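J.: Next come the chains, spelled out residue by residue.
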Amino acid sequence: KAGVTQTPRYLIKTRGQQVTLSCSPISGHRSVSWYQQTPGQGLQFLFEYFSETQRNKGNFPGRFSGRQFSNSRSEMNVSTLELGDSALYLCASSLAGEGGYTFGSGTRLTVV
Amino acid sequence: DAKTTQPPSMDCAEGRAANLPCNHSTISGNEYVYWYRQIHSQGPQYIIHGLKNNETNEMASLIITEDRKSSTLILPHATLRDTAVYYCIVGREYGNKLVFGAGTILRVKS
Chain A
1 KAGVTQTPRY LIKTRGQQVT LSCSPISGHR SVSWYQQTPG QGLQFLFEYF
51 SETQRNKGNF PGRFSGRQFS NSRSEMNVST LELGDSALYL CASSLAGEGG
101 YTFGSGTRLT VV
Chain B
1001 DAKTTQPPSM DCAEGRAANL PCNHSTISGN EYVYWYRQIH SQGPQYIIHG
1051 LKNNETNEMA SLIITEDRKS STLILPHATL RDTAVYYCIV GREYGNKLVF
1101 GAGTILRVKS
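Chains as they are written, first to last, in the working numbering: chain A, 1 to 112; chain B, 1001 to 1110.
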């Protein structure tokens, strides 16, 4: 079966711009989570969506937002990009939010 | 969520068993122990999880102590492809926000 698909794989943006990342979960999975990975902070939880509702949220500023569509696909948006937002953004899905998540390969965002 | 403590790095000879320890002394009764690994530049990969009983799947075995304060992930016959960062995470069964620590860098050497 197809895995978790994230697009685009790589992205370069300028400070102050905004960006939207996309995640298509495994078919049938209704929970989608997003994580940020940086060399300094490691893997950090951003938010989790289940059936189009945000169920959990990490400690990130309001510039980071997300949504989930009725087909379980999810997007995350970062507005007013800062240099420190450069990171690997990972999406993970599971059937109902149970712990055995399947991760995508990530989107590597570089802010210049 | 309870926190975990893992050694920063370990080495293992190819073909031998790799035993990765994890301490989670503040784990609560309804929290599971999850193991993931991350090979360089890829997304984390789920390995196994358990509540109190030992678990085994095609990738690994998970041994949880009776008091549940620590666990060991066992890769029975490590290969070079098992070189990765291994994360031990404690969390609920559903609605988890996985809290990743620094993990253990496992180097499998020929």
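Derived from the structure by calculation, the hints contain no laboratory data.
Quick caveat: nothing in here was measured; it's all calculated off a predicted structure.
A portion of the hints provided could be inaccurate.
Unchecked claim - In silico EDC-like pairs for lysine to aspartate or glutamate, Cα to Cα no more than 20 angstroms straight-line:
1) B:1003 with A:98
2) A:57 with B:1093
3) B:1097 with A:98
4) B:1097 with A:82
5) B:1097 with A:75
6) B:1052 with A:98
Claimed, not checked - Far from chain A, by Cβ distances over 12 angstroms, these chain B residues were calculated:
7) 1049
8) 1061
9) 1066
10) 1077
11) 1091
12) 1093
13) 1099
14) 1103
15) 1107
We put the beta carbon where it would ideally sit given N, CA and C, even for glycine.
J.: Are any of the numbered hints broken by this structure? If so, which, sorted upward?
T.: When the structure is compared with the hints, numbers 4, 7, 11, 12, 13 and 14 turn out to be violated.
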